[in-house]
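Engineer: Listed in order, the protein sequences are those of chains A, U, W and F. Mapping of the first sequence onto this note's numbering: residues 46 to 325, in sequence order. Mapping of the second sequence onto this note's numbering: residues 46 to 325, in sequence order. Mapping of the third sequence onto this note's numbering: residues 167 to 423, in sequence order. Mapping of the fourth sequence onto this note's numbering: residues 167 to 423, in sequence order.
Keep in mind that the hints were calculated from the coordinates and are not lab data. In this text the structure is predicted, and so the values were computed from the model without any measurement. Cβ atoms here follow ideal geometry from the backbone N, Cα and C, with glycine treated the same way. This list has only true hints and no planted wrong ones.
With the Cβ distance kept under 8 Å, some of the chain F side facing chain U (calculated, not the full set):
id, residue
1, Gly196
2, Ser198
3, Ala222
4, Leu230
5, Gly231
6, Val251
7, Ala252
8, Asn261
9, Tyr262
10, Gln265
11, Pro266
12, Gly267
13, Arg268
Here is what each chain is made of, one letter per residue.
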Amino acid sequence: MAQLVSLHDAVAELVHDGDTMAMEGFTHLIPFAAAHEVIRQRRRDLVLVRLTPDLIYDQMIGMGCASKLVFSWGGNPGVGSLHRFRDAVTNGWPVPLEVEEHSHAGMANRYVAGASGLPFAVLRGYRGTDLMKQTATIASITCPFTGEELTAVPAMNPDVSVIHAQRADRDGNIQMWGITGVQKEAVLAAKRSLVTVEEIVDHLDPVPGQVILPTWSINAVALAPNGAHPSYAHGYYDRDNGFYQQWEQISRDRDSFTAWMTEHILQPTAADGGATEAAS
Amino acid sequence: MAQLVSLHDAVAELVHDGDTMAMEGFTHLIPFAAAHEVIRQRRRDLVLVRLTPDLIYDQMIGMGCASKLVFSWGGNPGVGSLHRFRDAVTNGWPVPLEVEEHSHAGMANRYVAGASGLPFAVLRGYRGTDLMKQTATIASITCPFTGEELTAVPAMNPDVSVIHAQRADRDGNIQMWGITGVQKEAVLAAKRSLVTVEEIVDHLDPVPGQVILPTWSINAVALAPNGAHPSYAHGYYDRDNGFYQQWEQISRDRDSFTAWMTEHILQPTAADGGATEAAS
Amino acid sequence: MTSEGTAGARLGWTADEMMTIAAARQLRPGTSCFVGIGLPSTAANLARATHAPDLALIYESGCLGAQPGRLPLSIGDGVLADTAVAVITVPEVFNYWLQPGRIDIGFLAAAQLDRYANINTTVIGDYATPTVRLPGAGGAPEIAASCREGIIIVRQNPRTFVDRLDFVTSVGFGTGPGSRERLGLHGNGPQTVITDIGILKPDAANCELTLTALHPGATVEQARASAGWPLAVAEDLTDTAPPTAEELQRLRALTTT
Amino acid sequence: MTSEGTAGARLGWTADEMMTIAAARQLRPGTSCFVGIGLPSTAANLARATHAPDLALIYESGCLGAQPGRLPLSIGDGVLADTAVAVITVPEVFNYWLQPGRIDIGFLAAAQLDRYANINTTVIGDYATPTVRLPGAGGAPEIAASCREGIIIVRQNPRTFVDRLDFVTSVGFGTGPGSRERLGLHGNGPQTVITDIGILKPDAANCELTLTALHPGATVEQARASAGWPLAVAEDLTDTAPPTAEELQRLRALTTT
Chain A
46 MAQLVSLHDA
56 VAELVHDGDT
66 MAMEGFTHLI
76 PFAAAHEVIR
86 QRRRDLVLVR
96 LTPDLIYDQM
106 IGMGCASKLV
116 FSWGGNPGVG
126 SLHRFRDAVT
136 NGWPVPLEVE
146 EHSHAGMANR
156 YVAGASGLPF
166 AVLRGYRGTD
176 LMKQTATIAS
186 ITCPFTGEEL
196 TAVPAMNPDV
206 SVIHAQRADR
216 DGNIQMWGIT
226 GVQKEAVLAA
236 KRSLVTVEEI
246 VDHLDPVPGQ
256 VILPTWSINA
266 VALAPNGAHP
276 SYAHGYYDRD
286 NGFYQQWEQI
296 SRDRDSFTAW
306 MTEHILQPTA
316 ADGGATEAAS
Chain U
46 MAQLVSLHDA
56 VAELVHDGDT
66 MAMEGFTHLI
76 PFAAAHEVIR
86 QRRRDLVLVR
96 LTPDLIYDQM
106 IGMGCASKLV
116 FSWGGNPGVG
126 SLHRFRDAVT
136 NGWPVPLEVE
146 EHSHAGMANR
156 YVAGASGLPF
166 AVLRGYRGTD
176 LMKQTATIAS
186 ITCPFTGEEL
196 TAVPAMNPDV
206 SVIHAQRADR
216 DGNIQMWGIT
226 GVQKEAVLAA
236 KRSLVTVEEI
246 VDHLDPVPGQ
256 VILPTWSINA
266 VALAPNGAHP
276 SYAHGYYDRD
286 NGFYQQWEQI
296 SRDRDSFTAW
306 MTEHILQPTA
316 ADGGATEAAS
Chain W
167 MTSEGTAGAR
177 LGWTADEMMT
187 IAAARQLRPG
197 TSCFVGIGLP
207 STAANLARAT
217 HAPDLALIYE
227 SGCLGAQPGR
237 LPLSIGDGVL
247 ADTAVAVITV
257 PEVFNYWLQP
267 GRIDIGFLAA
277 AQLDRYANIN
287 TTVIGDYATP
297 TVRLPGAGGA
307 PEIAASCREG
317 IIIVRQNPRT
327 FVDRLDFVTS
337 VGFGTGPGSR
347 ERLGLHGNGP
357 QTVITDIGIL
367 KPDAANCELT
377 LTALHPGATV
387 EQARASAGWP
397 LAVAEDLTDT
407 APPTAEELQR
417 LRALTTT
Chain F
167 MTSEGTAGAR
177 LGWTADEMMT
187 IAAARQLRPG
197 TSCFVGIGLP
207 STAANLARAT
217 HAPDLALIYE
227 SGCLGAQPGR
237 LPLSIGDGVL
247 ADTAVAVITV
257 PEVFNYWLQP
267 GRIDIGFLAA
277 AQLDRYANIN
287 TTVIGDYATP
297 TVRLPGAGGA
307 PEIAASCREG
317 IIIVRQNPRT
327 FVDRLDFVTS
337 VGFGTGPGSR
347 ERLGLHGNGP
357 QTVITDIGIL
367 KPDAANCELT
377 LTALHPGATV
387 EQARASAGWP
397 LAVAEDLTDT
407 APPTAEELQR
417 LRALTTT
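Full structure from sequences and hints, please.
Structural biologist: Structure (structure tokens):
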């Protein structure tokens, strides 16, 4: 049974320095409020895992939370670069960042293997690319029936996975819909899991396209209204494309980045700190 | 784009003697009307693939359509045995039946591999059981990262897969809901596919728990109202548990079986022949 | 079953009812249970109707947390989907839920059982030329392999409790201590076997099934005579508490609707 | 882009507009197209708005048959889910839909391209100490491997058309004839490269990209000067038809909303 707790307490209990942590959400339902709480609690040496680091990891990397990034596409979608990610990789600012690089298909299948209790997954991928030279977690495997050679990737089993969903009921069952990406796999692959939600309701009325996570399959649920902003929550609010575009300017420069994070995230009265308030 | 055709024409075009054919539906949405059309068209030497042969394959086996059965559980759920299946296996009546036996997990993963364009699937299964001695399509495989030994099963790619769904739109997009079993995988794994439906509508209103198959992923759609009976169609009609219980008596004896099939299936005015009428 | 008849004559319930009730009592509140059809489904739903209303039932048809008001005839009845917390695909139930060891209890029936609680549900006689062709494996091999613990419900007589299985469909403790580890089976294996005569548990040292409790009216001699091997009996053999009025009433309500 | 400026000055459209329109024309009605974000998404939606309304767009976020009324900024915008025939998970879109070769066209952009239409979107410079860190692979390696055919859209200049890639992110024809077969890549590989200067296609014999068409205002000299290798030019070089008024109007409507 999942515990209903505040976002502050959930992060304090479930996220530890040095953890391998996945915070998933494919463009949609990105758990920004939880990431901001991790930043406020000054977690360090995290191995951050995500298909698309997006702004959420650009912020955590720039604030020095991460020592390693496992990912497959590190850009600001439709806008350009992730400058904090770039600065960490090329200049080691604020701390050096090791990268482990895959394709989306490889990352997705690593979560699938993790969720399935298997040590590896098989796919048609990577062959002929330089990723096979640079990434140690890619291997070849031979079909025992046909002799065909394919690619294997190891299971991804984070110490903790964090996702954002639209709703939970009071028993802690989770309901999300719209683009659900790899969130179910990320949660089921993890040793510990936290789900932030827009609202907690008495009854989860069925919704087309819904994905349900039973309460006994997760550890904690925390209320975090607007908790995906500037990403979006289908049926609640739209993606703040304007902010994704502004991030290009905010993040390009170290000082403007630090100033913005200090004003909006580190100070509890911050714009989307409201999510934290509501949950604590 | 899927063709909207009559059940008669769909079976005539897509199902050939000697085909490996999967007709899936896990208790729910079992494509009985299509099976009856296959029986009426006197297909022979089929390799029938299904997790649970159920009454649908008991009827086809008893009518001599099959030379081989690939399956994982061959009983009449909650009632007892499949007498035509037993008679074919133990006495070769009406024709000898070769069996290739798996577990549900193995069969499900064979379809997954087939749908995924992979030659095999990996699972934790079969180890220590006599299935590994009797079934050639089970092998061991070693994890290239951990060295752990696991089980591999080959992809299942039927020549033709047939399923029953609640609805299609006029473009041939398919919508089903309730227990959807392995139907998506069975269709995507097949070289050719036929979907029978309860009704064809102008617009597929979203339904919670729905599975959608785009028209370009299947070959043919045929109207077959009541086409899952005595199985059921969630939202349309319930499972005819009474018939499943009567089948124990009907099928126990070769003569009573043959008489029942002749009266109800071979003659076009048969009880559920209505499905065929409506579709042709 | 002769035991059924005699028990039924002597007491206010049948041996099958006692067996089902004793099995239901094994299911702890707040746990998850992967349910096979038939006797396991009846016992699991009785547990939900009595002491474990929050027992999460998982059916291989893809129904997680099904809460049927009446007994399903099959594991894919509409009532399971209508009442489930979530309905998922069959590949998902096996790959994402069963295989990783997320399910607490795997609840199985058996046609044949041996002293190490290995199960046969495939054939009686030779595989190529069987005297009786049984349904086969279904979900059982992986349920027996991957659930945290196994519970088996089976009527006890010389045809079911055999010295040697005609076919090993699902593995209990294999050939004894260390077998599960060697085979890489992550679950802890069958911890309880409930029959119409009593309750058996694997010996901590040699993994062999040992009679630990007798149902009202059953005797050690009857238990021994009903096993195809020299049946081990616990020194601290206990008596199963008889069915309560509520248990009998709930069970009969379930099975008659 | 200089080419953009000059073209824009000479004609009633920019070189980028010509490039996007020429790319859209390559998309046949009734086919399915796996769409990368940026230029491919713009061209694919232009095709839907003009000659191929039934083009099935597949986005790696899990949207099958998305029919956005406006251009999505990201591949996961809500408008894609709202208008899709089906929304599925990311593992499913790669495993069940892309990997088996169900998708007709894989439509990609590139930071660097070589003569065999291999693509780099990972780093400029050395991998360990890059001068420019690019976003990386995303879905591209498997899109390039498994779609029935590939279409690439890229601005042509000496920085993008390079003799040797700094990093091979996605494979076109590898090192030439036979490479795809040896690597077990089931798709037929990139069949068309559309740039702001013209259109290139792989030579049937040696797989090397060959200039087959020039956009209005562009010259062979310009094309050669914009390539980091001796660019092959087809004998039957054709001229790209200029944008129609409708194409320009639809494109500008898409990109300004």
